[in-house]
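Student: Construct the entire structure; sequences and hints are all you get.
Top to bottom, those sequences are chains A and B. When the letters of the first sequence are read in order and numbered with the numbering used here, they come out as residues 1 to 453. When the letters of the second sequence are read in order and numbered with the numbering used here, they come out as residues 1 to 453.
Mixed in with the good hints, there may be bad ones.
Repeated chains share a single entry, so a pair holds when one copy, or any two copies, can fit it.
Lysine-lysine pairs mimicking BS3-like chemistry, simulated, CA-CA at most 30 Å apart [unchecked claim]:
# : residue 1 : residue 2
1 : Lys-286   : Lys-226
2 : Lys-195   : Lys-116
3 : Lys-285   : Lys-226
4 : Lys-116   : Lys-286
Keep in mind that the hints were calculated from the coordinates and are not lab data.
Protein chains: 2
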Amino acid sequence: MENVTRLLLPDVAEALRNDPRSVVELTEELHPVDLADLCAELDDGLQLALVRALPVVDGARLLEALERQERVDLFGRLATAALDAAVDVAEAMAPDERADLFGELSEDTRTALLAKMERAESRDVQQLLAYPEDTAGALMTTNFVALSGEATCARAIEDVRRSAAEMETIYEAYAVDPHGTLLGVVSLRDLVLAKADKAIAEVMQPNVISVDVEADQEECARLIAKYDLLALPVMDRARRIVGIITVDDVVDVLQDEATEDAQKLGAVEPLEDSYFNTGFWALVKKRYKWLVILFVGGLFTGTAMKSFAGELRLVPALLLMVPLIISSGGNAGSQSASLMIRALAVGEVRPRDFARIVLRELAIGLALGVLLSVVGLGRVLLWPETRSTAFVLTVCSAIVGVVALGATVGAGLPLVLRRLGLDPAVSSTPFIASLVDVLGLVMYFELARLFLF
Amino acid sequence: MENVTRLLLPDVAEALRNDPRSVVELTEELHPVDLADLCAELDDGLQLALVRALPVVDGARLLEALERQERVDLFGRLATAALDAAVDVAEAMAPDERADLFGELSEDTRTALLAKMERAESRDVQQLLAYPEDTAGALMTTNFVALSGEATCARAIEDVRRSAAEMETIYEAYAVDPHGTLLGVVSLRDLVLAKADKAIAEVMQPNVISVDVEADQEECARLIAKYDLLALPVMDRARRIVGIITVDDVVDVLQDEATEDAQKLGAVEPLEDSYFNTGFWALVKKRYKWLVILFVGGLFTGTAMKSFAGELRLVPALLLMVPLIISSGGNAGSQSASLMIRALAVGEVRPRDFARIVLRELAIGLALGVLLSVVGLGRVLLWPETRSTAFVLTVCSAIVGVVALGATVGAGLPLVLRRLGLDPAVSSTPFIASLVDVLGLVMYFELARLFLF
Numbered sequence: 001m002e003n004v005t006r007l008l009l010p011d012v013a014e015a016l017r018n019d020p021r022s023v024v025e026l027t028e029e030l031h032p033v034d035l036a037d038l039c040a041e042l043d044d045g046l047q048l049a050l051v052r053a054l055p056v057v058d059g060a061r062l063l064e065a066l067e068r069q070e071r072v073d074l075f076g077r078l079a080t081a082a083l084d085a086a087v088d089v090a091e092a093m094a095p096d097e098r099a100d101l102f103g104e105l106s107e108d109t110r111t112a113l114l115a116k117m118e119r120a121e122s123r124d125v126q127q128l129l130a131y132p133e134d135t136a137g138a139l140m141t142t143n144f145v146a147l148s149g150e151a152t153c154a155r156a157i158e159d160v161r162r163s164a165a166e167m168e169t170i171y172e173a174y175a176v177d178p179h180g181t182l183l184g185v186v187s188l189r190d191l192v193l194a195k196a197d198k199a200i201a202e203v204m205q206p207n208v209i210s211v212d213v214e215a216d217q218e219e220c221a222r223l224i225a226k227y228d229l230l231a232l233p234v235m236d237r238a239r240r241i242v243g244i245i246t247v248d249d250v251v252d253v254l255q256d257e258a259t260e261d262a263q264k265l266g267a268v269e270p271l272e273d274s275y276f277n278t279g280f281w282a283l284v285k286k287r288y289k290w291l292v293i294l295f296v297g298g299l300f301t302g303t304a305m306k307s308f309a310g311e312l313r314l315v316p317a318l319l320l321m322v323p324l325i326i327s328s329g330g331n332a333g334s335q336s337a338s339l340m341i342r343a344l345a346v347g348e349v350r351p352r353d354f355a356r357i358v359l360r361e362l363a364i365g366l367a368l369g370v371l372l373s374v375v376g377l378g379r380v381l382l383w384p385e386t387r388s389t390a391f392v393l394t395v396c397s398a399i400v401g402v403v404a405l406g407a408t409v410g411a412g413l414p415l416v417l418r419r420l421g422l423d424p425a426v427s428s429t430p431f432i433a434s435l436v437d438v439l440g441l442v443m444y445f446e447l448a449r450l451f452l453f
Numbered sequence: 001m002e003n004v005t006r007l008l009l010p011d012v013a014e015a016l017r018n019d020p021r022s023v024v025e026l027t028e029e030l031h032p033v034d035l036a037d038l039c040a041e042l043d044d045g046l047q048l049a050l051v052r053a054l055p056v057v058d059g060a061r062l063l064e065a066l067e068r069q070e071r072v073d074l075f076g077r078l079a080t081a082a083l084d085a086a087v088d089v090a091e092a093m094a095p096d097e098r099a100d101l102f103g104e105l106s107e108d109t110r111t112a113l114l115a116k117m118e119r120a121e122s123r124d125v126q127q128l129l130a131y132p133e134d135t136a137g138a139l140m141t142t143n144f145v146a147l148s149g150e151a152t153c154a155r156a157i158e159d160v161r162r163s164a165a166e167m168e169t170i171y172e173a174y175a176v177d178p179h180g181t182l183l184g185v186v187s188l189r190d191l192v193l194a195k196a197d198k199a200i201a202e203v204m205q206p207n208v209i210s211v212d213v214e215a216d217q218e219e220c221a222r223l224i225a226k227y228d229l230l231a232l233p234v235m236d237r238a239r240r241i242v243g244i245i246t247v248d249d250v251v252d253v254l255q256d257e258a259t260e261d262a263q264k265l266g267a268v269e270p271l272e273d274s275y276f277n278t279g280f281w282a283l284v285k286k287r288y289k290w291l292v293i294l295f296v297g298g299l300f301t302g303t304a305m306k307s308f309a310g311e312l313r314l315v316p317a318l319l320l321m322v323p324l325i326i327s328s329g330g331n332a333g334s335q336s337a338s339l340m341i342r343a344l345a346v347g348e349v350r351p352r353d354f355a356r357i358v359l360r361e362l363a364i365g366l367a368l369g370v371l372l373s374v375v376g377l378g379r380v381l382l383w384p385e386t387r388s389t390a391f392v393l394t395v396c397s398a399i400v401g402v403v404a405l406g407a408t409v410g411a412g413l414p415l416v417l418r419r420l421g422l423d424p425a426v427s428s429t430p431f432i433a434s435l436v437d438v439l440g441l442v443m444y445f446e447l448a449r450l451f452l453f
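Tutor: Okay, structure coming up:
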């Protein structure tokens, strides 16, 4: 929470306890986002008092600005305490935020609310909820400015003015034919600059960048980022415009995806909420699965070492380099994986570049391996028990081999996963590191067999 | 590049070879971003022919849309071939993009261009270049709509109309007093909706969310994302508005920061360009430093193992669990680090939450460690050489201890780095994993001493 907002907290709590109505005047200068920050700090009863005291539209803005879990909790309590008030607030919410909220409510609450809502709004919620998560359909809002291609600019500005209150943005308007087919896009900038009697069809841009309703939300973000759009129209299969995705939604998507990718890279299942809003056991649950998978995978290092027990007994010094060698492979693998996962996310590389990338990473891995083996050589020569040509050969070739292996596996695996339609970020770097641990260990001991025995 | 654009490539190249002027008609329907994609595929000579054939404004849009390195190369060649043409294009570019470009040119080229440019534009470039990289000042554009607070809305719309061609956005305008001090913000939406004779002062929003010119670009991104802004005004110390940051710049910042963070998490120094545009040796250079640092750190695992050589000779089976135990600590550390680094990036946690977070992670680490030690127990009981109470105690307590250690170090280190004003993402997860490797190894052998000897 911004520090200035925090100062208001005691007064707001006091007002809600004594005379809830007075909170309206107290908070009317606050941005809805700041009010939401304040609200999150109040206890459950005062939160409910706050949303009930506010005018319906302000209550809707407050709910839109709350964090996911807090919003569901508060709205659920509002629906239980006063179903009619909840219906009013829901009707005043932005369609995309409302559909997200309804998707999280209990079946019973949702049914009760939908039955009481205006028919159009109720159907809107159900339609938006039908789109799969993380698609353009689930992200879009259905409130956008549609204009007839034949209208004049003056008439269009009048239309925009009249509908402005309900719209998320009025800066992009869409010219459509009577069937709703998209003809072109016209910005408010163009409308304001054009002569009043010009037809929309003359002012609009007919080549519209748009997405299919089933497109992935990352694709929507990529297009908005690439073309610097304020809004991206969403089309059904018949090329009718069914909604728009605004740039502020994409900013949220980008932040969320970056967080999810970082968490997956760190072998954590993505959290649904912020760190502090995720409970203790929820955090444990998000983390133990990958830890157990990696642990079970790690058991194979023990198996590998056991199968080389004979060699180890003869040359115990081999062991001293084990953690070092396998972690070098894992580190090189982490590097390649993190480069690939981001390059895939922003569309710089594609699975079809597989051969080119793997060859390049092999070459980079060999170069890095040679560099590291020079450092390793120094260490081997320092210890009396490892100071032999055979040992030097074993350690240096193992370092080169393991680093090259790590680089190719780390780069290749995310590409293969994407090709299979899976999320490349789940080949989290610890997973690649563990895989390379086992492979690297076997490589090291095999090289030792070759040179030392 | 989008596939439709690719189809035009042969025609564009052909036109540039035979009759460069004809390329104007051929490409006039293309979005500047798509034209930039096309341009990047042409060889150097044709790129130059393209930018010279286009009208000056289209040439400026093309340069704005090119990738960093390609832009510098092409503009540098244009300045060498025809300084006057380069001056014209530079004057038509958006101030923020132009300053970024000039910052990358050679000293000589920059001086030659600045000497020939209009005085106002030349000074604008020099002022923007004076702001440190990654600050609001370096990110902002100096073209924004400033209105007098006393003007009427009708007059303001006229002002907006007149200056629209030069402005990056006209959707947010800023009311200022005669000294340039910011009085409030008014959106084009408000202007269009308001009665024509109302004064700006009555329509504007006086509580403006703004940043200081020295603010970090991540702070700018955070504010625009949090408050769903289209533009964020940038103020100097005297509260005069000196520029604005638009949401499309922030979208780019968010993508770049996510990529940089992922690369740092993977122990790669951030690339300046895309993966394929970064040369072989440049990539090796971005990677070898961290690999060597981690390798040298890893040498201590050997030292630790050597100092427990006596114990290892007595109970060789201790070794079988070494890679497993240390990688579990590293994995738990990676998890905590990736959670913290993102939570810090989006402002969910602050360094002052240190004690609360470290205690929480310690508890989570203990819970995860107990879970993993149950799996580890199974393995210990399967191997005849490790099936003893003392061994079980050693391994299980080591797993719990190492995982808890990893979780606390992984969470704590990024917080400490941020507190020191350093970038928390450079405590890359491989670094934390390596640190925990050494600490975990010592812990394991000390526990073995306690229980087994």
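Student: Next step is simple, just say for each hint if it's right about the structure.
Tutor: Hints versus structure:
With identical chains, the CA atoms of Lys-286 and Lys-226 are at most 30 Å apart between copies only, with a shortest distance of 26 Å across copies and 33 Å within one. In this assembly of identical chains, Lys-195 and Lys-116 lie within 30 Å of each other by CA distance neither inside one copy nor across copies; the values are 46 Å within and 37 Å between. In this homomeric assembly, Lys-285 and Lys-226 come within 30 Å of each other (Cα to Cα) only across copies, at 29 Å, whereas the closest approach inside a single copy is 37 Å. For a Cα distance limit of 30 Å, the shortest separation of Lys-116 from Lys-286 qualifies neither inside one copy, at 38 Å, nor across copies, at 60 Å.
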